[in-house]
Amino acid sequence: MFKAKIKADILKTVIDTTSILVDEAKFHITPEGISLKAVDPAHVAMVDLSLGSKAFEEYKAEDLELGIDLGKLDQIMKLASAGDVISLDYKEDAHRLVVKVANIVRKMSLVDTAGMPDAKVPNLNLPAEVVVKSSEISQGVLASKAISDHVALTADTDGFELSAEGDTDSVNLKLPKDLLVSLKSSERVKSLFSLDYFANMIKAAKSSDAILLKLGNDYPVMMEFDIADGNGHVVYLLAPRIESD
Amino acid sequence: MSQWQDKNSTINRFVKNPRETFGEKKTVHRNQCILCRGTKMLCGKEKCPVLAKYFSKEKFSPALERNDIAGSSPPSVFIGRYGYPKVAIGPMLPPVLGDTTYLDTPELWQDITIEQLIDFRTQLVRGTHLADVHNLEGGGRIVDATREVALSVNAVDMEALFESKPSGGVKFYSEAQPHGPSAPIERLTLDNPKYEPRIEKAFYDTDLKSRDAVIGLHKDGSLVSRIQKAFSVGAFGEGKNRKFVPTRWSITAVDSMIGEHLMEKTKIAPTIDEYRIYEHIALDNRWIILLMPTEWCFELIEAWYPDTAWNPYDSKIQIFSSYEFYDGRDAYAEIGGCYYASRMAVNELLTSQGKQAGCVIMREAHPGYILPVGVWNVRENVRAALRTQPKKFESLNDAMFYATSNVLDIPAKRWINVSGVLKHRLYQRRVEDFLFTGESKSDRQDVGAKTGVDAEAKEGAGTDAGYEA
Numbered sequence: 001m002f003k004a005k006i007k008a009d010i011l012k013t014v015i016d017t018t019s020i021l022v023d024e025a026k027f028h029i030t031p032e033g034i035s036l037k038a039v040d041p042a043h044v045a046m047v048d049l050s051l052g053s054k055a056f057e058e059y060k061a062e063d064l065e066l067g068i069d070l071g072k073l074d075q076i077m078k079l080a081s082a083g084d085v086i087s088l089d090y091k092e093d094a095h096r097l098v099v100k101v102a103n104i105v106r107k108m109s110l111v112d113t114a115g116m117p118d119a120k121v122p123n124l125n126l127p128a129e130v131v132v133k134s135s136e137i138s139q140g141v142l143a144s145k146a147i148s149d150h151v152a153l154t155a156d157t158d159g160f161e162l163s164a165e166g167d168t169d170s171v172n173l174k175l176p177k178d179l180l181v182s183l184k185s186s187e188r189v190k191s192l193f194s195l196d197y198f199a200n201m202i203k204a205a206k207s208s209d210a211i212l213l214k215l216g217n218d219y220p221v222m223m224e225f226d227i228a229d230g231n232g233h234v235v236y237l238l239a240p241r242i243e244s245d
Numbered sequence: 246m247s248q249w250q251d252k253n254s255t256i257n258r259f260v261k262n263p264r265e266t267f268g269e270k271k272t273v274h275r276n277q278c279i280l281c282r283g284t285k286m287l288c289g290k291e292k293c294p295v296l297a298k299y300f301s302k303e304k305f306s307p308a309l310e311r312n313d314i315a316g317s318s319p320p321s322v323f324i325g326r327y328g329y330p331k332v333a334i335g336p337m338l339p340p341v342l343g344d345t346t347y348l349d350t351p352e353l354w355q356d357i358t359i360e361q362l363i364d365f366r367t368q369l370v371r372g373t374h375l376a377d378v379h380n381l382e383g384g385g386r387i388v389d390a391t392r393e394v395a396l397s398v399n400a401v402d403m404e405a406l407f408e409s410k411p412s413g414g415v416k417f418y419s420e421a422q423p424h425g426p427s428a429p430i431e432r433l434t435l436d437n438p439k440y441e442p443r444i445e446k447a448f449y450d451t452d453l454k455s456r457d458a459v460i461g462l463h464k465d466g467s468l469v470s471r472i473q474k475a476f477s478v479g480a481f482g483e484g485k486n487r488k489f490v491p492t493r494w495s496i497t498a499v500d501s502m503i504g505e506h507l508m509e510k511t512k513i514a515p516t517i518d519e520y521r522i523y524e525h526i527a528l529d530n531r532w533i534i535l536l537m538p539t540e541w542c543f544e545l546i547e548a549w550y551p552d553t554a555w556n557p558y559d560s561k562i563q564i565f566s567s568y569e570f571y572d573g574r575d576a577y578a579e580i581g582g583c584y585y586a587s588r589m590a591v592n593e594l595l596t597s598q599g600k601q602a603g604c605v606i607m608r609e610a611h612p613g614y615i616l617p618v619g620v621w622n623v624r625e626n627v628r629a630a631l632r633t634q635p636k637k638f639e640s641l642n643d644a645m646f647y648a649t650s651n652v653l654d655i656p657a658k659r660w661i662n663v664s665g666v667l668k669h670r671l672y673q674r675r676v677e678d679f680l681f682t683g684e685s686k687s688d689r690q691d692v693g694a695k696t697g698v699d700a701e702a703k704e705g706a707g708t709d710a711g712y713e714a
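Just so you know, the sequences run in chain order A and B.
If you're matching positions, the first sequence starts at 1 in the working numbering and goes up one per residue.
If you're matching positions, the second sequence starts at 246 in the working numbering and goes up one per residue.
FYI, nobody ran anything at the bench for these hints, they're computed from the structure.
Cβ atoms here follow ideal geometry from the backbone N, Cα and C, with glycine treated the same way.
There's no promise every hint is true.
Computed cross-link-like contacts, EDC-like style, restricted to lysine to aspartate or glutamate with a CA-CA straight-line distance of at most 20 Å [to be verified]:
no., chain 1, residue 1, chain 2, residue 2
1, B, Lys510, A, Asp23
2, A, Lys145, B, Asp572
3, B, Lys512, A, Asp89
4, B, Lys512, A, Glu24
5, B, Lys668, A, Asp218
6, A, Lys54, A, Asp89
7, A, Lys145, B, Glu569
8, A, Lys133, A, Asp209
9, B, Lys510, A, Asp112
10, B, Lys512, A, Asp218
11, B, Lys510, A, Asp69
12, A, Lys184, A, Asp169
13, A, Lys72, B, Asp572
Which chain B residues stay away from chain A? Per the calculated CB distances, all over 12 Å, these [as the list claims (entries may be wrong)]:
no., residue
14, Thr350
15, Asp465
16, Lys561
17, Tyr672
From just these sequences and the hints, can you work out the full model?
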């Protein structure tokens, strides 16, 4: 059983943060809330999202899995305005999710979850942790996108740096310690990432105030931020590009 | 977005930093030819000098030196693009009666030489008639006749009376096949053509969307060149949307539509298990089609040797590429219609095998390739390569080593340097490279909690462990 009501903008955030990586996702429903883990088709990045029952207006559920076509759900969400409350009701016998937006009822068929493996989250030890305002970093990403496909993220004891090298131009965003919310780094670490992915992740985090970035040397970056006023949490993992081979 | 800003292209890199890539600045101007291929007039001249130098050389048979010609159109039509939406349309015919199908069926041109191709294509006289692309039904006798010819299943016997003797020499295009001289049509009489049944059915279905018609015909086995011909005379689509489509645009439109449709299937199929190399040599072009056991992505890299069609002035090999990853691309491919033709051919193979793969096509155009012969060359020769038995390899390195030591002349390092897809494959790590196998817990709470994982996980980096493993 799964029966819930949720504000349109929160559901939209869930869709937006997930759909940058996958078209379909397997949602784990428990009495405590919903969660999902998914890897993109190119296996370069993954998302690990959880949304507690407190993020919902009403919430009643037992353990089950729902395979949802995010494109379809997004279609329905286009009918909603920001303040609307969406009602979700899983009909087990028909294997459909009944979504209600205002007076519109859409009975949405679900994706078979049998072919959707559980994504495993790598166990990483990332030495540097940077907490930064999303607005500070998004301008740097925009500037980098104009000149390159890749971006280097560096952290040391003094601050955090985002840099991109084009063929003739370069972009550098330096955020010293006092411009960061917090910084924990005992050594200098640097990794290179695909800007396509990183830019989408930063864009998805725009609704939240602060982003936690965990970094290593030629190692994945983990990006974490809260959604739904702290009742939900998103972790992205992005594998690095290593050119020295 | 203009082609110069598109980051999906390695061209961007070349144009921005000419010194590094080509040694000196003036070559930037020279390599415009590859980007332009006689269509954009980037050099500012009125006529493409590369193409123009061949116009005068060709001699025509005396049979073309007259105002009236009787012959069998293969069938063939040409829809021009200058002056759009008022363009020159009309059938093409040789001064010969009989079964001339071969003259306009690229699918049959497997073993010909450039000289043979030019020889018989030169015999095709292009009749022209100025028409509004939208005015299909009330366009008059010549418009009707042009459309009928394009839909015909056999060669169509006809007599054309021209306003003047055909002139203008042989014409070459980047997308379309070359043809002979042209003249405005004064009067046209033709035998009643018999339509190709499948195409006729789509023609009379004015509710069927053009894309669905093209895809359906391809699935049922109609030749791409036939579909494209019918497409160019506005034979498909919802009634009100039908119009003439310039030949050049129709070729790429059809390749692209079919390719995109097949790609939908490719992208959800299981991936192949090994690296494969398919090879083929034709018209002094060397082709390597590399398939990789990865998600769908595609790249066509073309290396033009000095003195080839689109590298007439430089003394160095010019290499260009366009590519896309799983999510596709937003802008038109810089290297033009050949990108879409080859992408379609690769997807034909993958869907027929029910497989997914990443694909990189490496093409070396050697000096014997003196003239552009049209996109069919790319489509048919990639298809020909894919009809052969591939060589299979364990790793990308092995595959590239075989390709560059047995078929290609340019070393692997240079291919990798200009390639978006190969670099991605070699340098981009995957999530599973960092999965710590043997670790049972994978919940988020554990992440970062363990120490000493770093070194061990790093050893695993670069392996191709399956994600579910």
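So which of those numbered hints doesn't the model satisfy? 3, 10, 12, 17
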